[in-house]
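Modelling step: build the complete structure from the supplied sequences, incorporating the hints.
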Amino acid sequence: MAAAATVYNPVGFDFSNQIRNNFLADRGIPLPKATSTGTTIVGCLFKDGIVLGADTRATEGEIVADKNCEKIHYITESIRCCGAGTAADTEFTTAMISSNMELHALSTGRKPRVVTAMTMLKQYLFRYQGHVGAALVLGGVDATGPHLFTIHPHGSTDKLPYVTMGSGSLAAMAVFEAQWKPSMTREEALDLVNAAISAGIFNDLGSGSNVDACVITATKTDMLRNFVKPNERVTKERTYGFRRGTTAFTKEEIRNLVVHEEIIGVRDDAMDVDGS
Amino acid sequence: MASADGGAYSYSLTVFSPSGKLVQIEHALAAVSQGTTSLGIKASNGIVIATEKKSSSILVDDSMIERVAVICPNIGIVYSGMGPDFRVLVARARKSAQAYWKIYGEYPPTRVLTQELANIMQQATHSGGIRPFGVSLLVAGWDVNRGSTLYQVDPSGSYWAWKASAIGKNMVNAKTFLEKRYNDDISLEDAIHTALLTLKEGFEGQMTEKTIEIGVVTVPTEEDLEGWSISSANTRPKPTFRKLTEEEVRDYLAL
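Sequences listed follow chains A and B, in order. Residue numbers in the first sequence follow our numbering, run continuously in steps of one, and reach 276 at the last position. Residue numbers in the second sequence follow our numbering, run continuously in steps of one, and reach 531 at the last position.
Please keep in mind that the hints were generated in silico from the structure rather than gathered at the bench. For glycine and all other residues, C-beta sits at the position ideal for the given N, C-alpha and C. Check the hints yourself; a few may be wrong.
[What the hints assert, rightly or not] Computed list of lysine to aspartate or glutamate pairs in EDC-like fashion (alpha-carbon distance at most 16 Å, straight line):
| hint | chain 1 | residue 1 | chain 2 | residue 2 |
| --- | --- | --- | --- | --- |
| 1 | A | LYS181 | A | ASP48 |
| 2 | B | LYS378 | A | GLU91 |
| 3 | B | LYS486 | B | ASP527 |
| 4 | B | LYS445 | B | GLU499 |
| 5 | B | LYS514 | A | GLU77 |
| 6 | A | LYS220 | A | ASP142 |
| 7 | A | LYS220 | A | ASP48 |
| 8 | B | LYS330 | B | GLU480 |
| 9 | B | LYS514 | A | ASP222 |
[What the hints assert, rightly or not] Cβ pair distances, simulated, as ranges:
| hint | chain 1 | residue 1 | chain 2 | residue 2 | range |
| --- | --- | --- | --- | --- | --- |
| 10 | A | ALA65 | B | TYR380 | 19 to 27 Å |
| 11 | A | ARG267 | B | ALA375 | 34 to 42 Å |
| 12 | A | GLN179 | B | GLU523 | 40 to 48 Å |
| 13 | B | SER463 | A | LYS236 | 52 to 60 Å |
| 14 | A | GLN129 | B | SER288 | 48 to 56 Å |
| 15 | A | PRO32 | B | TYR380 | 25 to 33 Å |
| 16 | A | ASN256 | B | THR497 | 28 to 36 Å |
[Stated by the list, open to error] Here are a few chain A residues that face chain B, going by a calculated C-beta distance under 10 Å:
| hint | residue |
| --- | --- |
| 17 | ASN22 |
| 18 | GLU77 |
| 19 | SER98 |
| 20 | SER99 |
| 21 | ASN100 |
| 22 | GLU102 |
| 23 | LEU106 |
| 24 | SER107 |
| 25 | GLY109 |
Shown next, in the form of C-alpha cells:
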C-alpha cells in the first residue's frame with residue numbers, strides 16, 4: 001500500500017528461474033515433484049445450462065495424496081472451473097481469477113461473463129508459457145447464455161458443447177462421444193457426467209474415489225459434492241487385533257516420566273483482544 | 277502570518293501552523309461540508325446509509341451517478357465531498373478487500389477495511405506535493421466479530437465509530453435531528469424511515485426515488501451463519517450489504 005515504493009518491472013519474460021533450474025538439474029538435483037491431480041474432469045451443455053463433473057483423487061507421483069479433494073473451483077456465483085494438472089497451480093490461478101472477476105463485476109456494475117474469466121485465464125497462462133500447469137474446464141451461465149470452454153496450460157482455448165480434460169479424459173470422452181445429445185434434461189446430463197467420470201475413475205490410475213458435480217443454470221448453481229461414491233471403504237469382515245499375552249516378554253520395567261509436578265495459578269485476566 | 281485563514285501556513289500540507297493545525301486539512305473538511313448531505317444510522321438489526329443524489333442540472337443522466345458503493349458483500353460506503361476522490365477510494369477499497377480475501381479466505385471485518393481506507397487517506401496528508409482527499413466517508417458493514425458497525429473517516433485519516441452520523445452540507449441540523457430521534461433499540465425499518473425524514477429536512481427540491489440513494493446492512497440469521505461455517509473455499513458468503521432498488525425506495529417514501 002506504500003504510495004512511494006516502486007519496483008522496476010522490466011519488459012518481457014523473466015527466465016532467470018529457468019536458468020537456475022537447468023543448472024541444478026544438470027548437477028543431479030531435479031525439480032521437486034508437484035502434486036498433480038491426475039484427474040478426470042468434464043463439462044457438458046444441457047437444455048437449461050451446464051453440468052461440470054470431476055473425480056476427487058489427487059496424486060503425488062504414484063501415491064494418492066488426497067482421496068477426496070475438490071476440483072470444481074468457484075469463479076463467481078454462476079461460473080465454475082474444474083482444474084486438472086498441478087493442484088497448486090489450479091487452486092491459485094482460479095482463486096486469483098475469481099478475485100479479479102469480483103473486482104471487475106463491481107467496477108462494471110454488471111453480472112460477470114464466462115468469456116471474461118476465459119480471457120483472463122488464457123492471457124495469464126500464455127504469459128507463463130505453459131509453466132503454470134493448469135488445464136481447466138470453465139463453464140457457467142451469464143447474461144448471454146450458457147458457455148463451456150477448455151483452457152490448456154499454454155493458453156489455447158476451445159469452445160464446445162462437451163469437453164473432458166486430465167489423464168482420464170480419453171475414457172470420459174469415449175462415454176460422451178457415445179451418449180451426448182443436444183437438449184438433454186438435467187437428470188440425463190447428470191447421468192452422463194456420472195458415467196463419464198466413472199469411466200475415468202475405473203479405467204485411469206490418476207483418477208479415483210468419488211464423483212463431484214456442479215449444475216449451473218440461469219437461476220441457480222447446485223454444487224453436488226460427492227454426488228456418487230462408488231469407492232466407499234467396506235467394513236472389515238473380522239477384527240485383526242491380537243490378544244494380550246500373544247508376545248511373551250521376559251522383563252518388565254515401568255518408569256514414571258513425571259518426576260515432580262507443581263501447579264501454579266496464572267493471572268485470571270482475559271486477553272485484551274479489544275484493542276480500541 | 278497567522279491570519280484567520282492560516283496565511284502562509286495554509287498552502288503547504290507539510291507545515292504545521294503555529295496553533296498546531298494542518299490548515300490544508302481544515303480546508304479539506306470545508307470542501308466536504310460543501311458536499312451533498314449523507315447520513316448513516318445503526319439499528320439494532322442492521323445499518324442504513326443514505327444520501328442525496330443531487331445533479332448540477334436536469335440534463336444530467338442521474339442513473340449513472342453512484343454515491344453509495346458496494347465494496348465487498350458485507351461492506352458499503354457513502355460519501356460527502358469530491359466525487360472523483362470517492363471513486364479512487366472505492367477502487368482502492370475493493371482491491372484491498374480482495375487482497376484480504378486472498379490471504380484469509382474471508383472478507384475483511386468493517387474495522388479492518390476502515391483502517392485501510394483511513395491509512396490511504398492519511399498518507400495523502402503526509403507527503404509533499406499531494407493534497408488530502410476531499411471526502412468524508414461513512415463505512416457500514418457487518419462482520420461476525422463485532423456485528424454491524426458504522427464508521428466515519430475524515431480527510432485527515434481519523435476514523436471513529438458512530439451510532440448515527442451525518443456529513444456534508446446539512447450535517448449540523450441533521451445530527452441534531454438524529455440526536456433527538458435516535459435510541460439504542462431502533463429497528464432497521466424505523467432507522468430507514470428516520471434516515472428519510474432527516475434527509476428531507478435539508479432537501480432542496482423534490483425527494484423521489486431518483487434523487488436519493490439508500491444502502492442497507494442486514495444481519496444474517498442463525499441458519500445463514502450455520503451454512504457459512506460449513507462452506508468450503510468453493511462458496512462465498514451471502515451479501516449482507518445491498519443497495520435498495522428504486523422500487524423499494526419509492527415504497528419507503530410512500531410510507
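To see whether the hints hold, each was checked on the structure:
{"no.": "1", "hint": "A:LYS181 x A:ASP48", "in the structure": "14 Å, holds"}
{"no.": "2", "hint": "B:LYS378 x A:GLU91", "in the structure": "11 Å, holds"}
{"no.": "3", "hint": "B:LYS486 x B:ASP527", "in the structure": "13 Å, holds"}
{"no.": "4", "hint": "B:LYS445 x B:GLU499", "in the structure": "42 Å, violated"}
{"no.": "5", "hint": "B:LYS514 x A:GLU77", "in the structure": "10 Å, holds"}
{"no.": "6", "hint": "A:LYS220 x A:ASP142", "in the structure": "11 Å, holds"}
{"no.": "7", "hint": "A:LYS220 x A:ASP48", "in the structure": "11 Å, holds"}
{"no.": "8", "hint": "B:LYS330 x B:GLU480", "in the structure": "9 Å, holds"}
{"no.": "9", "hint": "B:LYS514 x A:ASP222", "in the structure": "15 Å, holds"}
{"no.": "10", "hint": "A:ALA65 x B:TYR380: 19 to 27 Å", "in the structure": "25 Å, holds"}
{"no.": "11", "hint": "A:ARG267 x B:ALA375: 34 to 42 Å", "in the structure": "37 Å, holds"}
{"no.": "12", "hint": "A:GLN179 x B:GLU523: 40 to 48 Å", "in the structure": "47 Å, holds"}
{"no.": "13", "hint": "B:SER463 x A:LYS236: 52 to 60 Å", "in the structure": "59 Å, holds"}
{"no.": "14", "hint": "A:GLN129 x B:SER288: 48 to 56 Å", "in the structure": "50 Å, holds"}
{"no.": "15", "hint": "A:PRO32 x B:TYR380: 25 to 33 Å", "in the structure": "27 Å, holds"}
{"no.": "16", "hint": "A:ASN256 x B:THR497: 28 to 36 Å", "in the structure": "54 Å, violated"}
{"no.": "17", "hint": "ASN22", "in the structure": "31 Å, violated"}
{"no.": "18", "hint": "GLU77", "in the structure": "7 Å, holds"}
{"no.": "19", "hint": "SER98", "in the structure": "9 Å, holds"}
{"no.": "20", "hint": "SER99", "in the structure": "4 Å, holds"}
{"no.": "21", "hint": "ASN100", "in the structure": "8 Å, holds"}
{"no.": "22", "hint": "GLU102", "in the structure": "6 Å, holds"}
{"no.": "23", "hint": "LEU106", "in the structure": "5 Å, holds"}
{"no.": "24", "hint": "SER107", "in the structure": "7 Å, holds"}
{"no.": "25", "hint": "GLY109", "in the structure": "8 Å, holds"}
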